[in-house]
Amino acid sequence: MAFFSRLRRALPAAWLCLLLPGYLLAQDRQLTGRVQSSETSSGVPGASITLKGTTTGTISDANGTFRLNLPSGTSRIVVSSVGYETKEVPVGSATNLNITLAVSASDLSEVVVIGYGSKDKRDLTGSVSSVGARDIAKSIAQAPELAMQGRMAGVFVSTPGGSPNARPQVRIRGVGTFGNAEPLYVVDGIPLTEYGSGSDGAQASVVSDIRGNVNVLSMINPNDIESISVLKDASAAAIYGVRAANGVVLITTKKGQNGTPRVEVSASAGMSNVVKRYNMLSTPEFVSLYREAYANNSNEAKNLPTVFDPANAAYLGNSPTYDWQSPLLQKNAKQQDYGVRISGGNESTTYYVSGGYSYNESTLIKNN
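If you count by my numbering, then the sequence shown holds residues 1 to 368, one letter each, in order.
Careful, some of the hints might be misleading.
[Claimed, not checked] Derived EDC-like pairs: lysine to aspartate or glutamate, alpha-carbon spacing no greater than 16 Å straight-line: (1) K254 to D188; (2) K255 to D224; (3) K254 to D135.
Hints are computed from structural coordinates only; laboratory data are not their basis.
Since we're looking at a predicted model, the values are computed, not measured.
Use the sequences and the hints to build the structure in full.
What follows is the structure, encoded as structure tokens:
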């Protein structure tokens with residue numbers, strides 16, 4: 001107080017008003033620290049550190065460290081970052097702080113990537129369906145398309161044949177064409193070529209022109225898939241142009257994550273059988289039905305084939321009945337699937353390595 005009294009006597013009032021703010025600013029102190037994630041303990045770059053109730057602040061660098069001048073009387077700072085919960089931190093008299101931010105569990109503003117752009121998930125609820133790695137792991141399907149079966153509204157998935165390599169049929173919101181009704185498949189951002197020719201010349205969907213009727217997607221282990229999303233309507237699929245006329249199936253595979261190495265092992269085994277067979281006629285029943293059909297049509301009765309005429313030597317009615325169905329069926333067809341996945345990484349490099357063995361027998365003999 002004596003200093004201010006002497007200063008006031010020595011200087012005019014105007015000079016005193018100019019000097020006082022400078023004296024007060026000299027009371028600031030510098031706060032340093034680091035912002036880190038609660039999950040990985042790694043630094044959070046670009047985090048915002050502001051004085052509570054003001055817009056004054058700074059941001060953290062690539063390592064999560066920061067420096068901030070604290071005016072006298074500052075009691076709290078506010079730390080925030082995209083994907084993390086905002087946190088108020090009391091500073092007290094501290095000059096260095098380590099601040100840990102918790103990962104935000106809210107998904108209200110979750111973003112869905114569509115083609116070369118993105119939209120808020122809440123804006124695409126009706127046109128996009130997704131199934132995640134957790135649901136895919138519950139499925140025993142050995143083809144990615146079958147992992148969608150029964151899990152997406154408006155998406156119909158069926159297996160047209162008993163061959164293990166048969167391509168499942170995927171129809172999104174029904175069939176809208178008499179031609180090729182297959183959707184466009186995009187794996188990790190790479191569209192798979194559609195509209196090729198099979199080995200028999202018939203139109204069939206192909207991937208990079210390397211397959212005919214064989215489903216090349218069966219070579220993708222469902223356990224290596226992070227998510228499968230289906231774009232249904234025109235607005236969601238428009239980014240892919242005319243190729244997306246029948247919808248788009250986006251497949252995203254897993255990638256390495258920052259953290260300690262992680263090893264996953266999966267194994268499954270089973271068998272399949274034909275539970276319902278065709279109820280076939282015996283030879284006498286077949287001949288009797290055929291004769292009845294001709295007898296009911298007077299115009300054709302005279303044209304009855306000789307094999308159905310009891311008076312003819314070629315008559316089939318006395319022939320034994322043969323079971324042509326059972327010899328084609330394979331009992332207890334084996335299904336085996338084994339996989340090993342290793343992933344991990346650090347701030348500069350991530351890795352994901354997987355290997356698997358899959359063996360699937362059909363319910364028809366000599367087909368696997």
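Q: Kindly indicate which numbered hints from before are broken by the structure, ordering the numbers from low to high.
A: none
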